[in-house]
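Visitor: Position chains B and C with the ligands relative to chain A; hints supplied.
The primary structure of each chain is shown beneath.
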Amino acid sequence: MLTNPLTKNITGKNIAADIASYLANDGYAGWRKALTMEPNNIVTLVKDGGLRGRGGAGFNTGLKWSFVPHGEDAPKQKFIVCNADEMEPGTFKDRLLMERDPHLLLEGMAIAAYAIGASIGYIFIRGEYHLAAERLELAINEAKSQGLLGNNILDSGFSLDIFIHRSAGNYICGEETALLNALEGRRAIPRAKPPFPQVSGLWGKPTVVNNVETFCNIPHLVALGVDWYRGLGLEQDAGSKIFGVSGKVKNPGTWELPMGTPIREIIEQHAGGMRDGLRLKGFLPGGGSTDFLGPDHLDLPMDYDVIGKAGSRMGTGTIIVLDDKTCPVGLVLNLSQFFARESCGWCTPCRDGLPWIVKVLQRIEDGEGLPEDLDLLREQCQRIGPGKTFCALAPGAAEPLQSALKLFEQDFIDHITNRCCPYK
Amino acid sequence: MPTITIDGEKYQVDGDQNLLSSCLTLGLNIPYFCWHPEMGSVGACRQCAMIEYKDSEDQSGRLIMSCMTPIRDGGIYSVNAEMAKEFRGGIIEDLMTNHPHDCPVCEEGGECHLQDMTEMSGHTMRRYRGSKRTHRNQYLGPFINHEMNRCITCYRCVRFYNEYAGGNDLQALGRNHQIYFGRQEEGRLENGFSGNLVEVCPTGVFTDKTFSAHFVRKWDLQTAPSICEHCAVGCNTAPGARESSNNLDPILRRITNLYHHDINGYFLCDRGRFGYEYVNSATRIDKVLSVRDEDLIGSTADNKDILHKEINPQDAVLNLSVQITAAQRQLRRIIGIGSPRSSLENNFALRQLVGADHFYSGLNYLDQEVLQLVNSLQSDDRILSPSTPEIETSDAVLIIGEDIYNTAPRIALAVRQAARNRQKQAAQSLKIPLWQDASVRQLEEEHSPIIFIGTALSNLDDIADATLFESPQKTALFTHALAQEISGYKAPNLKMPPHLQEMVKRTAAILLKAGKPLIISGTSGKHPGTLQAVAELSRALSDDKKTPTKLYLACSEANSLGLTQLFNGTEGNLQQLVQTLTDQRSANIPTSLIILENDLYRRLDKHSVEKLFSLVDEVILLDTLLTPTAKRANCIFPASATAESQGTFVNNNGLAQRFYAVYEGKGFIQESWRWLVDAVDFCTETCENLSVLKEWKHSTDISDAIAREFRVLRVLDELGPDENFRIDGLRIARQSSRYSGRTAIHAQEHVSETPPINDPDAPMSFSMEGIHNPNKTQLQANIWSPGWNSNQSIFKFQEQVGGERKGGPSGKMIERPRHPIPDWTNTLEKSPQPPNSMQMLPIYRLFGSEELSNQSMAISELIEAPFVLINPKEMTQHGVNEGELVDIETSSGIYRTEIRRCNTTPEGCIGVPYGLPGLETLAALMPGYATLRPAATHSIAGVEN
Amino acid sequence: MSSLLEPEPIEVMEHSNSDPDKISAILTDEEKLEIDEEAKHYEGKSSVGLEALRIVQKHRGWISDNSIHAIANYLKIPVTQLESVATYFQLIFRQPVGKEVIYLCKSASCWVMGCDQLQKHICQSLEIKPGETSKDGIFTLLEMPCLGDCDKAPVLMLGEEMYRNLDEDTIDTLIDKKKQLHADKSTD
Ligand SMILES: Cc1cc2nc3c(=O)[nH]c(=O)nc-3n(C[C@H](O)[C@H](O)[C@H](O)COP(=O)(O)O)c2cc1C
Ligand code: SF4
Ligand code: FES
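Protein chains in written order, with this note's numbering: chain A, 1 to 424; chain B, 1 to 945; chain C, 1 to 188.
There's no promise every hint is true.
[Claimed, not checked] No farther apart than 25 Å at their CA atoms in a straight line, the calculated lysine-lysine pairs in the PhoX-like style are these: (1) C/Lys152 x A/Lys8; (2) B/Lys431 x A/Lys193; (3) B/Lys431 x B/Lys505.
Hints in this document: simulated from the structure, not taken from any laboratory.
Bound-form chain A, shown alone:
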């Protein structure tokens, strides 16, 4: 039974699977099957499969699709958009998928487009991903030449064009409504919801935005079915996932593993554990905008709800490990600088609050912090928390900070009382 649907075409060599080898390995089987199905049934199938969005929020993908209006009265023009803006600190999974197996993404997008009735797709890729963009472009042409994309695909009467949009930086472009504004040639400011993009998205038309990895899950889910897919996961969540580890471990990297794989297994077995002489002090389970977890949490399975209950988020499933010789204040400062700089500038707490947080953290790190600064930081975390800002960027920025203030409180206090960074 297939257990690595996302990476089965990926080899150790830095080359993309071309159309021939992709087809040879059951490529586009899901697409062929989908074209024989009722679009609605695909939506139901994906919903039942329990696939949750891999962009970070973990929303049920099929459910998301089902909000797209369909039938006679629905707008004729709809769009499918792939979010390939991967810019979350410590996240490096979408790059791999796009560079090594571009057809898998295209196939997933094609099925999604068919399911919601979209005839145009955009891959919104961050400007720095030159290689991925080139390989995707090539793959699109290959697929077109085989009649798998373009006009009247495989004589089904269904047509789909996929275009690549190269962005020009800015983390906020990954937020799906900001992404739509960027695609429309505007400043990438998030939009108010409702209306959700599924109802009024790109140019006001129904639009579904999904993450690269989410799309890559679709072909096999459709080809091999719900039971197989659900069976891939070890715990509650279905399917497999690309997990990654970075930081001072022996063997940083990415692996496709079942959902629900215990964190300890990922860090200790796959990533080889901590480098010699270092101890794990904490880790961010799913990228820079998730809360720190500590060594006590190592035995948790990587499942959305479990990690959520533990006080963090699965996020993108790429773990950043913090060791005991690296300053947690410095790491949080670094992350806060990132978020402050990447703020779109729309809402006050994020635009003006984050730079203030950075200044306070910098002071603490420089040994000029005051005891009351910690309360100020806690208060600031409250102010940029969920529901208080216009989009999820600022709450994401709050997560590593607020958890560090709890988990590594002593480190902050040491900085302030010693008037210097003890790690330097």
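Guide: For chains B and C with the ligands alone, coordinates are given in the frame of chain A:
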């Protein structure tokens, strides 16, 4: 109506509003920045936080942005919960981290929404210890100052300027905490509504540069409600004045918007906001002037300009009264010429003095004819003159021959909102509330149909989906054809090229399909045929829809329609006056001509004006500015400007509105009617006419007299309370209760307070004593409420946010007898064009076409040098190139101007800027004919005789 | 410890630099062709604004005031609107950059793996601060958000090429190589 609970109190609220505006309507104080009553919510500033509880069990609740929250029937909310208060305080604290705290040197200080909100949010302690970011400011033109360091990034400026007003040269630049609101490069803000940035910006980033030149704090301004005199829309304004420091005389210092639900709402155009400076300009008449009596021994100048000297007002009045007395004895004839830019009261006083038979309108035949046409169109029951909100909600707009951005600017802004109605419908079908501004705007980009036919269209071209540039004759033809198409005329009798027929069909279909169609036209084309065709079209549309057609007709001057009411048809026009005087030349009786606030050179061709002057013996002028006419007057009386006097204007809708004196004009300046009454007072002889004048002590005495004399104007006696009105025994205070430095200003002379001047006309005081609350009377124009020092406090004085002012709308519709318009179907004219000539079509400019504002210092910087427009084809035909000088030969002489290419100027026509300095005297000739030839030598542009 | 009351240096925000080279405000045929090609994929012309900026920058290295005007003219969109987009995206350069742009990843994983030290090293050897261009006009150093190669941290991108698992030596070699390349080019 849904019921909601806020902090334990139950309220009934309007379910279509968001929570924030509902709370404000209820009188609760909630701080906000990015929300604007007219522009809706975008949720950017996060200042308006409240708590929403799931149900009565829910103890902790959830923080929400009230501006982004729809009303839920039975919803439970809190403003005062600790969590909400703390968050709001925190937001201010965040915003202030980059704010320079420079209130003492900031011109917003004292009417600053940021100050108010900071107070309200209770942020009093500064914890931020970092540096502040520093921006470089830009030069934005003569109207607006830029101080970006004060910015709190609420995005209101760009939302107003780009999205609401259609400007495209101000944007948010950069990102994160470095956002900068500016232009791509320095330069004047090009949109004609830029002045509203001053009021829209909640802090001191955009301030009024003309006000800077003579700045005082808001609380040191005395104000009274006024009406903008720079076009006929009738926007309400709150001018502010204060005595200048070096002499005792008050000067007019600025104009701000005064909310009127049916007219200007929250916004004014730049002509209205910055045109006021004419009052303080170098051409202002503030002395009584008389012809110099010493003999001119020799001069080579062959013009007949009179040199003036200042004389004692008493002598001048006496002199006038001698003439009046002589007239009573039949020894002299006195003729009066009225004016469409002066109040009804002034016009009526002059009429009373000279007698109706000797009173002339001050308009030429054509101008009076088109005004009478407007009047009769508006007297037909099948036609309805729409208010601004009605314009904004119309779903198809046809504009015929009127460049409204330049002739009725505020209406163009309303039309821009109408263009969004399709988008709004789409929003409603998606259940997006209309106040969710960003969500609505992101929908479909297609505009509701806006169709234009006429000579020139400015500023609206981006939203117009069909434009047809034609001569007035063709425009009329098109409109007739449209009327025939709509009324299903069997055999159209109009010959038109196929592409026009096609457009007629399409336009007809659009108007017929529309639920709320709107037609806009006006007098600026000076073409009766167009108005007659518009009448036919409106009638046809009304017959089809079985409801009155909404037709907005723009007139040219603040009181055009008011003046029209004093005359029958075209009787009393200036040509008629010249004719009468010529016919009676032999009467051998000396004639005095009293001209009321009118420059005749703008009304009649030069030769006729000269002829008129040659037919009279004495010219007496009452006016505010030294116009060319003033140079021909034997005696000049300084007349009050609008902001210095009380009176009544009738606007484009037929709404009679009263304006009140904001301050007393300096020196001997007084209302024109008072000069006349003064002169009558000196008269020894009395007769019935004159004794009436002698009775007039208050402006309202005249208003009442007008109401008695003219049925149509009956409403004038109900317009406002008279000067005896009191609230709790008190007058209404023009000065704020914090008016400062009253004695210090004159300290070098005395430290006692001079007694305030008594206002004989209005129940208002020129002091701080009296009623300050705008809720008690609409005469209070200082929009201020405790804790709300900026103009944003207006909501405290509205029935509901964005609704009618409490106390109902000010102004009253004049009551024109209803009668159907005559049948003009077959009045298509065939006017022969003289060979080798071009028709001069008036084109209009926001800055440059209007007489008074042209003298404002800031506006004069923006007025173009004389030019004419011509289409490229004619350009080659005449052998002229863009930018070259040409001579325009007319019956008033030769005018030398620059020539400009314009693809939309109809063939056989040149576009001549109406009233542009240097070409003012051409105004009277349009739409007549001229010949055009390359200028022989290159000399400066201007008039040459 | 420095005084808490001592003001930090003032940051002056500037959004554009006037163009010393005065490239004429028109696009080349090649640029136009590429923009037209992209425009086919979008609904309105203004949608292609960012793409156009990227294309022109590819050819000219950065976006000067003139380039902004040229693009705005060509797309018939207001120049301030385009500026608003151009100044929003960090990979659109409104100031001149060197021939080689070093995009150094400064995000979490690279930070843990010592990118600050690398940055110091680069700054020292090129005698520049982040955001500046070396005197010889060859190198510009930019600080980047996560480049998505965290398992091979620290990383940088030079031009369009990724360089991974860096240390000071590999960076020295890389800089030398590029220096050499440009020296060769200029002697050609
Ligand atoms: C600030 C911010 C940045 C984001 N960046 C990304 C991103 O780079 N890639 C991504 O797929 N999703 C990103 N997301 C999540 C998207 O908004 C969205 O939830 C996702 O694309 C939906 O796809 P999915 O349902 O397949 O996960 C980001 C969200 C926020 C708030
Ligand atoms: S939280 Fe606010 S300022 Fe920050 S990125 Fe989101 S919308 Fe922009
Ligand atoms: S007023 Fe509600 S968020 Fe700004």
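Visitor: Give a verdict on every hint.
Guide: So, going through the hints one by one against the coordinates:
1. C/Lys152 x A/Lys8: 22 Å, holds
2. B/Lys431 x A/Lys193: At roughly 12 Å apart (the allowed maximum being 25 Å), A/Lys193 and B/Lys431 satisfy the hint.
3. B/Lys431 x B/Lys505: 34 Å, violated
Against the hints set out earlier in the document, a violation occurs for number 3 only.
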